[in-house]
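Participant: One-letter residues, chain by chain:
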Amino acid sequence: MVSEALKRLWHKLGSPRWFFALTTPWVTGFGCAALILLLWGTVWGLAFAPADYQQGNSFRIMYVHVPAAMLAQSLYIGMGVAGFVGLVWRMKLADVAISASLPLGMLVTALALFSGSVWGAPTWGSWWEWDGRTVSTLVLFFLYVGIFALREAILDSTLRARASALIAMVGTINIPIIKYSVEWWNTLHQPASFSLTEKPAMPSEMWLPLLVMALGFYCFAAFVVLLRMRAEILQREMHARWVMQWITERRVA
Amino acid sequence: MYFDTFAEFLQMGKHGFYVWLAYGATGLVLLWSWMSARSMLAGVEKQLTEQAEITARGAKQTPAHQTSESGASDES
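So the sequences go chain by chain: A and B. Final position of the first sequence in numbering that gives the first Met the number 0 is 252; the numbers increase by one with none missing. Final position of the second sequence in numbering that gives the first Met the number 0 is 75; the numbers increase by one with none missing.
Simulated from the structure, these hints should not be mistaken for laboratory data. Using N, Cα and C, we set each Cβ at its ideal position, and we do this for glycine too. All clues stand as given, with none of them false.
Cβ pair distances, simulated, as ranges:
| hint | chain 1 | residue 1 | chain 2 | residue 2 | range |
| --- | --- | --- | --- | --- | --- |
| 1 | A | 13 | B | 60 | 36 to 42 angstroms |
| 2 | A | 182 | B | 50 | 54 to 60 angstroms |
| 3 | B | 4 | A | 248 | 51 to 57 angstroms |
| 4 | B | 12 | A | 248 | 51 to 57 angstroms |
| 5 | B | 44 | A | 172 | 35 to 41 angstroms |
| 6 | B | 12 | A | 187 | 18 to 24 angstroms |
| 7 | A | 194 | B | 12 | 24 to 30 angstroms |
| 8 | B | 42 | A | 144 | 21 to 27 angstroms |
| 9 | A | 199 | B | 8 | 21 to 27 angstroms |
Make a model of the complete structure from these sequences and hints.
Facilitator: What follows is the structure, given as structure tokens:
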């Protein structure tokens with residue numbers, strides 16, 4: 000029973016039309032959730048959370064730096080999974096997902112690096128350190144840029160999909176390196192602020208805003224990636240009857 | 000509220016420059032990502048509307064091709 004249902008779901012997932020209809024209500028949902036969470040988390044983190052006894056107020060950069068870094072890695076993992084699915088099952092949606100995640104992933108990785116640098120200046124006394132985590136995150140950024148450039152360069156859509164799927168998949172090797180970099184190399188970067196198994200070392204009035212911001216970043220990512228995926232689907236299926244019907248209904252409404 | 004005055008809030012101790020730089024960059028990144036995704040969708044929709052209009056016009060000129068099931072040709 001369950002396996003049958005799962006199999007049906009899997010087949011449906013391959014259909015851009017089904018995905019498009021399914022996600023229509025999700026866009027507004029994720030968009031509103033992102034707006035509320037990000038505003039709430041920003042005000043809480045900037046104005047209400049207590050300052051760090053060692054770092055003072057510069058620690059507030061954490062509320063944008065940590066979620067940006069988490070998202071940078073999660074989006075890459077998502078691209079890696081999509082790449083695997085695309086290569087093994089030749090699912091069209093997989094390539095749509097990769098192309099929709101790329102711009103945001105690239106930008107948030109840059110943001111993680113930049114905000115880390117801005118945080119490092121008053122804390123470490125240097126804008127850039129060749130630290131294990133900063134270097135592995137820089138590699139992540141180059142992976143994003145590489146796939147982006149590759150997609151711009153290859154005109155054949157099948158080849159473009161396969162090449163970017165392959166790099167996305169292989170590049171996920173870098174993710175555990177980023178994660179364990181703070182343990183493998185004895186460096187300046189502080190260890191993880193959050194973990195699923197342990198209680199945070201910070202008091203709750205410091206880490207709760209971080210949780211809100213992280214959730215906000217993830218909802219924002221879902222919102223933007225869905226918008227881009229839907230645009231990409233319409234573009235690719237331009238001549239399909241269901242797209243023509245959709246646009247006609249939209250013009251009437 | 001952690002700060003006593005608005006001026007203190009802006010100063011962030013002595014770290015105002017760093018904090019506002021990081022938050023400003025975050026705001027820009029999020030805003031740009033949202034706007035570019037929106038304009039991408041709007042661009043495709045515009046293209047589709049033009050395409051639908053051409054199809055509708057074509058269907059009117061040659062009534063033989065007009066079919067009742069196609070949504071585009073029903074449009075006036």
